[in-house]
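Protein chains in written order, with the working numbering: chain C, 1 to 217; chain D, 1 to 217; chain X, 1 to 217.
Each hint should be verified, as a subset may be incorrect.
Just so you know, same-sequence chains aren't split out, so a pair can sit in one copy or run between any two.
Stated by the list, open to error - Derived SDA-like pairs (lysine to any residue); straight-line CA-CA distance at most 20 Å: (1) Lys112 / Arg28; (2) Lys112 / Leu174; (3) Lys112 / Gly57; (4) Lys112 / Asp172.
In case anyone wonders, no lab produced these hints; they're calculated from the structure.
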Amino acid sequence: MTGPQIVLALDILGTVTFALNGALTASRRVRLDIVGVVALGVITATGGGMVRDLLLGAVPPAALVEWYYLAAATVGSLAAWLVARPTRGLTRMIVLLDAVGLSVFAVAGAQKASAMGLQPAPAIILGAVTAVGGGTLRDVLIGEVPSVLTNDLYAIPALVGAAVTVLAGRYDLLPFPAAILGAVLCFAIRMVGVRYGLNAPSRRVLRRARGARSDDA
Amino acid sequence: MTGPQIVLALDILGTVTFALNGALTASRRVRLDIVGVVALGVITATGGGMVRDLLLGAVPPAALVEWYYLAAATVGSLAAWLVARPTRGLTRMIVLLDAVGLSVFAVAGAQKASAMGLQPAPAIILGAVTAVGGGTLRDVLIGEVPSVLTNDLYAIPALVGAAVTVLAGRYDLLPFPAAILGAVLCFAIRMVGVRYGLNAPSRRVLRRARGARSDDA
Amino acid sequence: MTGPQIVLALDILGTVTFALNGALTASRRVRLDIVGVVALGVITATGGGMVRDLLLGAVPPAALVEWYYLAAATVGSLAAWLVARPTRGLTRMIVLLDAVGLSVFAVAGAQKASAMGLQPAPAIILGAVTAVGGGTLRDVLIGEVPSVLTNDLYAIPALVGAAVTVLAGRYDLLPFPAAILGAVLCFAIRMVGVRYGLNAPSRRVLRRARGARSDDA
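Chain C with its partners taken away, still in its complex shape (with noise of 0.2 Å):
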């Protein structure tokens, strides 16, 4: 395989697996029919790309334009329909592909905001969104507040391979190797995050806010 063919399939690899994600973590939370976690399905894991091709102004997203972005999250979507609940050693390797979806979507958006001619701060800022704003659409769309702003560890990652990545970019430091330790940087911070806790359960997370919710109201 050549790198572009490596990237291409890692971005398809990261695309099913977003979407299986997903609709696995909406499914868990609302009762929902087959549209709503196919479309839950392929907002988490095409609507962060989306978000940033909107704000760079390349429209219509690479999402709608690029045929394998709607069949990779349709296709991983409803893996999640048929599984329903997911074996522990199905969910250990959900939660490794997650990281590597995140970690080739925090580089690859922020390498497409740069080459369309954005700053490093906001170049970084959109390789994140890219990387967390699907889940983040899918959280608002399913009434949670979206995991990403309660929990250090996931945004964190994405923010480190963005910056990597960028910055490399910005000053001609080896550009290519540079994004592959952005990406293996923000795997390995997200891996580290999930192996040792960092990232406390939104969950608790939540129940204690509307805990403090209830006690000032």
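Once you've looked at the hints, dock chains D and X against the given chain C.
Chains D and X alone, transformed into the frame defined by chain C:
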């Protein structure tokens, strides 16, 4: 009336009804001031088309360029403010006209997306987004899980209508009659769903979901 | 200071205050990590202008092109993280500066929409969207019904300020003094509302709405 005049009349009728229905739905859920009622009515009526236009890069969106969209949506919203508690007869008429709006929006949205060069699958999706996007935005704004995600027979007729329209246009199979067929099919499926209660009330779904949530909390 | 410098200074002041106020409001409702606080502060401060720019097709939005928007919004958000519980005096100053931001954003947003060719009604709406859109996005993200929808005297001053600006510009009635008049009117109406409690606290409205909901459930 000529063909385009009929389409325009149906489009305006759909806009008024979506605004009326959207504003009534929102007012039942949250105590709103008049700005809130009009804002939510206008968003219900024009939001789906705006999202479609943003994704197509057709900006400013038609709803901000053609004066009659905002006018029709404002009229519908103010009617909701005046009516507040519709009679049973009015409710029935709103359900009927809402299905007309759903059909016109799905078909017109899909046609616009197709005409702007999108492939069939994304064009069909954008047709459905045109039809259901405004109600989705409204539900998110009033803190509800969008009923379209938990209710089979609102998105599906829109997708069917959009699909018939797009595919016929794509393969040059009498596009104009096909668009009418698409709209009629969408309307018929929706009304069959309403008649036989195939659309389970979203409140019940939500309550069940909330019950499930407190169990696993 | 020249006129444009004053406008720029007010714009930056408004951005800092919106971010500070937005991040404080969000932190009171949901337990957020630092990424969440900064993200919600930045979204509150820049979200309205971003939505306006997306709808106008002015992309990438000013908030991603002019460095001082992100910088000002980050400063305001970090200040909120440091302050956490503002004193009564600081709260008063925030309310005052927030009204300044509301006025500047409404007038500047309406002017931009008008300059890009929108008719008066949509230009006035986009002025108000510039002013209240960021807070709306924040409320949706933290799972609250946007207070602007339940609270008369936040959107109305923005609409009045935008209307005076747009209509005077449209009919060439001393556009520059009219814009100042619009901003002053917006500020005055807002502060009168604050002073006389014309803006009912949204929490109370929400609680009542929730009570009503459980009744009819």
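Against the structure, the hints come out as follows:
1. Lys112 / Arg28: Result: close neither inside a copy nor across copies, 34 Å intra and 36 Å inter.
2. Lys112 / Leu174: For lysine 112 and leucine 174, only the intra-copy Cα distance (17 Å) is at most 20 Å; the inter-copy one is 41 Å.
3. Lys112 / Gly57: both (12 Å within a copy, 18 Å between copies)
4. Lys112 / Asp172: within (16 Å within a copy, 37 Å between copies)
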